[in-house]
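The task is simple: from the sequences and hints, build the whole structure.
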Amino acid sequence: EPEVTQTPSHQVTQMGQEVILRCVPISNHLYFYWYRQILGQKVEFLVSFYNNEISEKSEIFDDQFSVERPDGSNFTLKIRSTKLEDSAMYFCASRGMTRTSTDTQYFGPGTRLTVL
Amino acid sequence: GQQLNQSPQSMFIQEGEDVSMNCTSSSIFNTWLWYKQEPGEGPVLLIALYKAGELTSNGRLTAQFGITRKDSFLNISASIPSDVGIYFCAGQLGGSEKLVFGKGTKLTVNP
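Listed in order, the protein sequences are those of chains A and B.
Read in order, the letters of the first sequence are residues 1 to 116 in the working numbering.
Read in order, the letters of the second sequence are residues 1 to 111 in the working numbering.
A hint or two may mislead.
A few chain B positions that, by computed beta-carbon distances, are all more than 12 Å from chain A [unchecked claim]:
#, residue
1, D18
2, S20
3, E41
4, L61
5, G102
Here are some of the chain A residues that sit facing chain B, going by a computed Cβ distance under 8 Å [what the hints assert, rightly or not]:
#, residue
6, S55
7, F91
8, G108
In short, the hints are calculated from the structure, not lab data.
Bear in mind the structure is a predicted one, so any value in this text is a computation, not a measurement.
Glycine included, C-beta positions come from ideal geometry on N, C-alpha and C.
Written out as structure tokens, the structure is:
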């Protein structure tokens, strides 16, 4: 069964450093998302991406964040200057286009980001 | 912003028991989803609901989209040890791409 993959599984970085989290969405999907989950808390929406542009973003997704689809398979989240409070699990998700049983968001396994 | 109130926060049950959890909101959602998350993993989709009043099953799991579109419940029948995990409800508003998640129900099943 196709699945969303994410790399790395765990990223440790120093405060102020830039990080890039990578995702490979399910191959025929057209909508891509990033969510985060601070330890012990609920999953929070960051951004959605469709047709090579951001379609929706939350208040969390400030100027320090950016997303890119650099090629036909990868989808990345960049945090320009990490802060301690950016430590969290970051989940990528993707969905198809038609309103069928596949028109739901499927999540990757996540990248655990630790900012020291 | 939109909030989902999910209850209970945690449940401790014996293997074989049935489980029920629910989510409510003051907002009307177009879609309700139920996910399960195990430690160190991403949320895995269990059931998706698209119509008010819809009742859908997936094996031992049954979920319903409330008629007011402001609530949903998930039932698990005859629980087994591998049902342990955190169950999240998520709602999607009309015209929005984002999923709004509940805080989760942590399920522990004692063999």
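Hint check:
{"no.": "1", "hint": "D18", "in the structure": "holds, 25 Å"}
{"no.": "2", "hint": "S20", "in the structure": "holds, 20 Å"}
{"no.": "3", "hint": "E41", "in the structure": "violated, 6 Å"}
{"no.": "4", "hint": "L61", "in the structure": "holds, 15 Å"}
{"no.": "5", "hint": "G102", "in the structure": "violated, 7 Å"}
{"no.": "6", "hint": "S55", "in the structure": "holds, 6 Å"}
{"no.": "7", "hint": "F91", "in the structure": "holds, 5 Å"}
{"no.": "8", "hint": "G108", "in the structure": "holds, 5 Å"}
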